[in-house]
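*Asks:* The task is simple: from the sequences and hints, build the whole structure.
Chains as they are written, first to last, in this note's numbering: chain D, 4 to 303; chain L, 228 to 540.
These are computed hints drawn from the structure, not numbers from a lab.
All clues given are correct.
Label pairs and their computed distance ranges (CB to CB):
hint, chain 1, residue 1, chain 2, residue 2, range
1, D, Tyr128, L, Pro294, 20 to 30 Å
2, L, Thr243, D, Ser197, 29 to 39 Å
3, D, Leu36, L, Pro246, 40 to 50 Å
4, L, Thr467, D, Val135, 23 to 33 Å
5, L, Arg314, D, Gln247, 16 to 26 Å
6, L, Asn291, D, Val37, 55 to 65 Å
7, D, Ile218, L, Phe366, 23 to 33 Å
8, L, Thr279, D, Leu116, 43 to 53 Å
9, L, Pro294, D, Phe131, 21 to 31 Å
10, L, Tyr530, D, Asn204, 37 to 47 Å
11, L, His390, D, Tyr128, 52 to 62 Å
12, L, Asn291, D, Leu116, 34 to 44 Å
13, L, Ala331, D, Tyr128, 40 to 50 Å
14, L, Glu278, D, Phe159, 23 to 33 Å
So the derived list for chain L, only partly shown, Cβ under 8 Å to chain D, looks like this:
hint, residue
15, Pro246
16, Val247
17, Leu381
Source: prediction; values computed, not measured.
Heads up, the beta-carbon is just placed ideally off N, CA and C, and yes, glycines get one too.
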Amino acid sequence: MEKENKYNTVKNEKSKSLISDAWKKLKKNRLALVGMGIIILFILVAIFAPFLTPYNSTEQLIWTEGAKAKLASPSWEHLFGTDLYGRDILTRVIYGARISLEISIAAMTMSVLIGIIMGTLAGYYGGFVDDVISWLINVLYSFPFLLFIIAIVAFFPPSLILTFIAISLVYWMAIARVVRGQVMSIKEQEYVFSARALGVNDWQIMFKHILPNVIAPVIVQATLGMGGIILTEAALTFLGFGTQPPTPSWGYMVSAGQGYLASGQWWWGVFPGIAIILTVLGFNLFGDGLRDALDPKNKL
Amino acid sequence: MGVILMFAYLIRRILTTIPVIIGVILVVFILTTIVPGDPARIMMGQRGDPETIKLIREEMGLDNPIPVQLYDFYKDVFTFNLGRSYRNNQTVVQAIVGRLPVTATLAIGSMIVAVLLGVSLGIFSATHQYTFLDYISMFISLIGMSAPVYFIGLLLVLLFATHLGWIPGTGLGNGEWIYYLLPIVTLGVRPMALIVRLTRSTMLEVIHEDYVTTARSKGLKEKAVIFKHALKNALIPVVTIIGLQTATLLSGVILTETIYSLPGLGRLSIQAVINRDFPIIRGVVLFMALVFVVANLLVDLSYGFFDPRIRYD
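*Replies:* And the structure:
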């Protein structure tokens, strides 16, 4: 009994130090901290959207304030200006963070689930199962992903759910590849052999003994993938697919504002574009930082 | 012996693309078959005469069982008989061949720009690590990886066409090269950003390897060390990225052609999706996927050239 306890304490200490080591490394990486700051800001803005602005995201101020609210340049009342219909652009950028966050979290959660299941099955069983899953990944990888997603989204009635399902059909593969590689190397380790010798069944070995060791690279891959998903969602709405107006999606706003860039009303298209860049940059910086921090080869 | 092994590898690698191609065709079939709505009705418009629609359904084989339709689709693909556009009756092959030069110019041009700029900036950054210019080039690459293709395009048009008036904005004019300049740069930004980072990091790794130190210690000039010894090995991951970037590039083509109104495959595919022109969609998606498969095959085969350590057994 005592022996077992001792073993547990040692194990706990070890896993704790992995996380605290990672955190120590992360704290030293200024770019990663900037990325983390951007992500936190993005999430807070999305959550507290209604408290951050006195306007409504679809409210057309030309009806109440008249023609001066149409394409008004940035001012104290409208920090980012207004669009053709007199909607406050800052408000729409703030609510756009919501749309972006909703779709990217939903799509990433689903990608991670599919990716972990497929990757674990392929890596653990190898052989025929691996052949089939790897074949599927190679096939799906061959498509230009944007066209693939558009082909799914365009033929069905537009909905948020369809958009994130279509996106996750592409993004699970990167997760699955990472998981597969990790599982393949972990399953050859002694503790897995001993678990099997003790009569632990395949599912328990996979989910209790192998998966916890795969989480770190999955988190890194998922963080980096978030940027890609945000870009994809924005590209979809830019082209007129996915969420439909008047829903304030950043990509759609860039597309709507593009015709007014040349005539001097740059704020309509430029502010949402900057919002996309910043958010994606945040996830990229933080993802890079996480990768370095969780890599045991990187010494403090 | 080496030649035989290499040849065997070549054959084996080519054979591995066959199941992928078969799968690609299958996915395209599924994508365009599960779609709600009757293609015959779409082809004839809302007021299509029911008799004609029935005839068309028969002619297109839409009433056949799914496995028969699938078999016919494979047959059609392998005989390059992909049907005609619902819109203008042009054959799919004609439509693709007609739009290909624009897309090919765009894609190849931007890849060349991305590799040339990306590798040189990457080498510069690695050899000037932690200097101001290194930070600048890392900053450019970070922004390049985070910015949407179309947003970069819009800003470039705004700056160089609208404000400075140096370059015509959109469209293709009479096909002069100047019209391709902005689209090529736009499409090249993302792969360039990736290549800068990758070249920098692999170069930094390679620079500290023994054989580079040896090259230096035998009195070679720094330039010779970098370009003759270090670069060749640093480029191997870059070559891999070029293959994988083909898919991103083909996705970017869709956006780039849309903002610059270029008559290429990307715009063709978007218009086909909007018009539900299924034969064109099938054709373009298949074609793009095949380009990706072939590009990656070529990349794999070229490893031997860059890295003599790679064995083919």
